[in-house]
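Whenever a hint applies, use it, and build me the whole structure from the sequences.
Chains as they are written, first to last, in this note's numbering: chain A, 10 to 415; chain B, 10 to 415.
A couple of the hints might just be wrong.
[Said to hold, decoys possible] One-sided excerpt, in silico: chain B residues whose CB lies under 7 Å from chain A: (1) VAL25; (2) GLN65; (3) PHE66; (4) LEU69; (5) ASP71; (6) GLU74; (7) VAL77; (8) VAL78; (9) THR81; (10) GLY88; (11) ALA91; (12) GLN95.
[Stated by the list, open to error] Covered, in the sense of this in silico footprint (three residues per stretch, anywhere, with C-beta under 8 Å from a C-beta of chain B), are these stretches of chain A: (13) 68 to 76; (14) 98 to 109.
It should be emphasised that the hints constitute simulated quantities derived from the structure, not laboratory data. All C-beta atoms, glycine included, are put in the ideal place defined by N, C-alpha and C.
2 protein chains.
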Amino acid sequence: MARIVQKFGGTSVADVERIRNVARQVKAEVDRGNEVAVVVSAMAGTTNQLVDWCNQFGALHDRREYDVVVATGEQVTIGLLAMALQELGQKARSWTGWQLPVRTDNAFAKARVKAIDTAGIEEGFKRGEVAVVPGFQGLAPDNRITTLGRGGSDTSAVALAAALKADRCDIYTDVDGVYTTDPRIVAKARKLDKITYEEMLEMASLGAKVLQTRSVELAMNHRVRVQVRSSFTDVPGTLVVDEDEIVEQAIVSGIAYARDEAKVTLAQVPDKPGVAAAIFGPLADAQVNVDMIVQNVSRDGKTTDMTFTVPAVDLERAVAVLEKARASLGFSGLQADKNVAKISVIGVGMRSHAGVAQSMFRTLAEKGINIEVITTSEIKISVLIAAEYTELAVRALHTAYGLDAA
Amino acid sequence: MARIVQKFGGTSVADVERIRNVARQVKAEVDRGNEVAVVVSAMAGTTNQLVDWCNQFGALHDRREYDVVVATGEQVTIGLLAMALQELGQKARSWTGWQLPVRTDNAFAKARVKAIDTAGIEEGFKRGEVAVVPGFQGLAPDNRITTLGRGGSDTSAVALAAALKADRCDIYTDVDGVYTTDPRIVAKARKLDKITYEEMLEMASLGAKVLQTRSVELAMNHRVRVQVRSSFTDVPGTLVVDEDEIVEQAIVSGIAYARDEAKVTLAQVPDKPGVAAAIFGPLADAQVNVDMIVQNVSRDGKTTDMTFTVPAVDLERAVAVLEKARASLGFSGLQADKNVAKISVIGVGMRSHAGVAQSMFRTLAEKGINIEVITTSEIKISVLIAAEYTELAVRALHTAYGLDAA
Chain A
10 MARIVQKFGG TSVADVERIR NVARQVKAEV DRGNEVAVVV SAMAGTTNQL
60 VDWCNQFGAL HDRREYDVVV ATGEQVTIGL LAMALQELGQ KARSWTGWQL
110 PVRTDNAFAK ARVKAIDTAG IEEGFKRGEV AVVPGFQGLA PDNRITTLGR
160 GGSDTSAVAL AAALKADRCD IYTDVDGVYT TDPRIVAKAR KLDKITYEEM
210 LEMASLGAKV LQTRSVELAM NHRVRVQVRS SFTDVPGTLV VDEDEIVEQA
260 IVSGIAYARD EAKVTLAQVP DKPGVAAAIF GPLADAQVNV DMIVQNVSRD
310 GKTTDMTFTV PAVDLERAVA VLEKARASLG FSGLQADKNV AKISVIGVGM
360 RSHAGVAQSM FRTLAEKGIN IEVITTSEIK ISVLIAAEYT ELAVRALHTA
410 YGLDAA
Chain B
10 MARIVQKFGG TSVADVERIR NVARQVKAEV DRGNEVAVVV SAMAGTTNQL
60 VDWCNQFGAL HDRREYDVVV ATGEQVTIGL LAMALQELGQ KARSWTGWQL
110 PVRTDNAFAK ARVKAIDTAG IEEGFKRGEV AVVPGFQGLA PDNRITTLGR
160 GGSDTSAVAL AAALKADRCD IYTDVDGVYT TDPRIVAKAR KLDKITYEEM
210 LEMASLGAKV LQTRSVELAM NHRVRVQVRS SFTDVPGTLV VDEDEIVEQA
260 IVSGIAYARD EAKVTLAQVP DKPGVAAAIF GPLADAQVNV DMIVQNVSRD
310 GKTTDMTFTV PAVDLERAVA VLEKARASLG FSGLQADKNV AKISVIGVGM
360 RSHAGVAQSM FRTLAEKGIN IEVITTSEIK ISVLIAAEYT ELAVRALHTA
410 YGLDAA
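Written out as structure tokens, the structure reads:
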């Protein structure tokens, strides 16, 4: 007997018929002799509608009330799925985030899970009951409702799998696994059988959109074996596992891209100690996450240009914060550009192989693509380019690193 | 300074613009120096959609899961209204049923409110905060979500007004008060300035549909002053109050009708002690509420005919229960008829005036309308007639009792 957490996203539970289909997949897992907890998202489209209503009260609406509103989407799904399971003769009950509870911090609209009390679920397992749990939602220390931010259902599933010490966390989605790159852009993209947590983390945070970044961090920290698989087919998906579970490791595992960042350049910032802190402190206070940062060498010994990227959705807020601090920061000009894309080459094999960066730069140069910003980590190299070159760059790199399917 | 509970129904909060309109009405009450708690329904149409999804899992779906699903409608509204109030510069916060909590019994899908903890709301009043509370939902003893049944938001509002010892409970609705009868049927119907709890109770339970029956019972028991008024105009509505607040009491206050009952006749039931209990016991067990009951005088000393009404939606269930018990009950035939209407004349003044019933019977006879069943109480007389005569009967009685507007 294994203990499995299954997670189904919004398209898998988009209507009553699909919820019945999910119920069949859950029951099949129970019939194999396993204990099952299911985490579900809101029915496709629901969360967008709820968020849209909230946004009609301006960008500065009360995030605590936002969470009250958007948490309802998942609550609908858990009730319906519990009914669908019962319809199949499978014992089941729903648990809201506050009923378990799923304890989070008080960062409303982007809360982090602190602890999940699984006592109720484990009691249910003894009675042969499937636990149906909403993704995305939790309970703040002051007993108000929190949500984990968009895509938080993956995180909920992995956190629940960790809390339940589950043998596996199956993330059912509308793709059948993790690919070497986005198959919509590169027809020759290949599905990976296994990928390491570290690589998946880079893939997720760089825009591969298969798994939410925090869910992968959490899986890595708690060594939760995660399987990304399709809710529409029965083929095995991609296992996200420890590096030592992967026998033959490729140098580069995948190419990721992200078009949801914006570039900000501050011209002629006084080049003195503490200026970076002076710039990024206020942005952090305004909850704007800064990603790539490049500080140019000072031309005149007095001033420098500072370039960095922020999420495109936060660009206006970032610009407002910076303009407000213009006098104290002392920069002469501010340029903002949303027409950029971040292209990344990822692979744990990079650590032991030289020349990976060089291949990337040469490949892009051959296509006439200008690199605006570069950042690197142990297992990835990212470049910022003009957005219009995204597909061209991804295809060229996929071929250059030998990732194309035969 | 007064303490007011306001309640807005589904059409008043049907979209973001209307929610903003509600926020303005709430703020106006605060600006008059009052402490305000607002109870809201789900946005129009939402609950129907949620109920429809649940019903796709058959009539016997788990009512606990049903409550999980349908309680979400009101949760959406409280968050949005809190935002709308904040947008106007009015401090506000939402409280879900489980946060207060609103304690109910465990009759899922038709729970009754046991107690409301108002400590959080009263703390908020001290901070100048409006409390935004969902109608319809509560918390069972086992901490699962309950709902109060359709229309339960009125009950929530009155229960909250009682718990807060509010000076008034204003029920905003799509009509501007309580009328002497349905204005859609009788153009000369008049709006009442005041009506007693007892009369309102008869009006509500007899199908006037302005206020939910249980909310009126609750208001009467706790002496909550209720005002029924329009959310679209500013004119005063109808106050539902104690009899002694009404100086000049009419003999008849209103004419109500209900077309949602069905008549059942059991022919030749053995006329012996205990037969009524034998018939109505199984119906009660099947949760079918029996309303009007007439037992004919026995013609042969051995058998009698028994006629009664049940809610039309429960007719099939009632017939099934009775047919199953046919052998033990010993009746010879069962007739069921949905084409009936119950017409009622209501007024506390009836208690001290003779001849009210006689006027009713004569008026109907003059129009050639046959009376099938009669029941009376201290303050009302109800008759069952063929449904096709409903409008004719209501209009004739409205004129006969001098209720027509000048």
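Verification of the hints:
no., hint, in the structure
1, VAL25, "5 Å, holds"
2, GLN65, "5 Å, holds"
3, PHE66, "4 Å, holds"
4, LEU69, "9 Å, violated"
5, ASP71, "6 Å, holds"
6, GLU74, "4 Å, holds"
7, VAL77, "4 Å, holds"
8, VAL78, "4 Å, holds"
9, THR81, "4 Å, holds"
10, GLY88, "4 Å, holds"
11, ALA91, "4 Å, holds"
12, GLN95, "6 Å, holds"
13, 68 to 76, "holds (count 6)"
14, 98 to 109, "holds (count 5)"
Taken one by one, the earlier hints fail for this structure only at number 4.
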